[in-house]
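Student: Okay, here's what each chain looks like letter by letter:
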Amino acid sequence: MGINAPDRYERFVVPEGLQKISIEKDTKVTNAATFTLQREDHTVGNLVRMQLHRDKEVIFAGYKFPHPLEYHIFIKVQTMGKKSPREAFDDSLSDLIMELDDIRSKFQSEAQQRRDMQH
Amino acid sequence: MLSNRRLPDLKIRDLRDDYCEFELSNTDVSMANALRRVMLVEVPTIAVDLVEIEQNTTVLNDEFIAHRLGLIPLVSTAVHHMKGPFDDIGEKDFTDVELSLHVLCTSDDTQDVTSNDFILDHQHPEVYPVGYSDSRMQSEDAERPILIVKMRKNQELKLKAIARKGIGKDHAKWIPVATVTFQHKPQISINRALMDTLDEKVKEAFVDASPSHALSYNSVTKQVEVTETEAYMYDGEYEKMAQELHHPDLITITQSDNEFIFRVEGTGVLSVEDVIITAVDVLTAKLRNLQQALPPPEQNEGEN
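Those sequence lines, one after another, are chains C and R. The working numbering applies: residue 1 is where the first sequence begins, and numbers increase by one. The working numbering applies: residue 1001 is where the second sequence begins, and numbers increase by one.
It is possible that some hints are incorrect.
Unchecked claim - As a list, the in silico SDA-like pairs of lysine to any residue whose alpha-carbon atoms are at most 25 Å apart:
#1 C:56 to R:1019
#2 C:64 to R:1160
#3 C:56 to R:1104
#4 C:76 to R:1288
#5 R:1173 to R:1004
#6 C:76 to R:1285
#7 C:56 to R:1025
#8 R:1160 to R:1104
#9 R:1011 to C:109
Think of the hints as simulated: they come from the structure by calculation, not from any bench. The structure displayed is predicted, hence computed values, not measured ones.
So that you can see chain C by itself, here it is in the shape it has in the complex:
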């Protein structure tokens, strides 16, 4: 490894003592919080942000990947108040998981159908 380069695995291995997610409430804005996700990038950042935008309770959702050598992202969420930012974040993850399940089963049944046709 180069002398002045970080180890490659640092990009995806959460170091000991660091939490995968931490939430920090905004001190000036009500119902707003910033989530820090360790060892994540645009893949999850943009996905979660766009899902949060679909939530009518969410006023603002944005993500930031501060630097290519800082292996974490920030997701900022502000809600109307019926839901806490944490709940909105949790819901968005559940929705995405369901969507992915859907994609998986649709792909598999399509692939199966093709195999059946060949036989």
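Put chain R on the given structure of chain C with help from the hints.
Tutor: Relative to the frame of chain C, chain R by itself:
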């Protein structure tokens, strides 16, 4: 609680071992791009990660050969029940596959050292270079093996190569695909009324404006037709021609923001179907992991 989930659709157009084309619709670009990114750098495969060189008298230095060995694609179906070096490892888990190689050139002619010269790990014979055929029973129609180095008389190469599970984020040698792309489905609409005012010759010229040939001229009906929507490359040539004819409304081309065409090309390391399914699983696991890691709600939440 009302769910805000999307209801995506998926249609497979072509599915072979090393190529897949499918259409994903009723979802967002963020989902399409997340899948693309995961397929590229987060689907694990097996590649040579550590090389112990015992004897190397070839013209290439040790590091050079080690790097080449890393880039040789290894059939990675075993990756699903293998652990990576950064995972929690139990007693029954295995992380290393040991390939070895020993070639001594005794002939006066130049000798090739190739991926076929590998001696497989007898505990894991399912891990072998793509296109591998044992050098002792080589047939004529076998795939040409991957060249590692060329030797002259009395040169020797003896080494042990340890293959491990890894992801493309760590090093590009673990990327399971040659390419993964998605494109927005183009939407082309021709203003019929306006098009009819044009001369036959002009219509024919209009069709040839873009080298993508998304449009064609039907000489029987004397109409310009959209025949190859997806061939369109967003080169802007039709719009430019419309502009030049002083009819900017002649044609409108937009890209659909909820229909995506994916093209995945494999390398032989994993079947493309496996890559796609694993990518969905990896992304799901990532989100599940986040959900579990979410700190519990605070007691006084809801007060503000």
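Student: A separate judgement is required for each hint: does it hold in the structure or not?
Tutor: Evaluated hints:
no., hint, result
1, C:56 to R:1019, "40 Å, violated"
2, C:64 to R:1160, "44 Å, violated"
3, C:56 to R:1104, "70 Å, violated"
4, C:76 to R:1288, "20 Å, holds"
5, R:1173 to R:1004, "38 Å, violated"
6, C:76 to R:1285, "22 Å, holds"
7, C:56 to R:1025, "23 Å, holds"
8, R:1160 to R:1104, "15 Å, holds"
9, R:1011 to C:109, "10 Å, holds"
In the structure shown, a violation is registered for the earlier hints numbered 1, 2, 3, 5, in ascending order.
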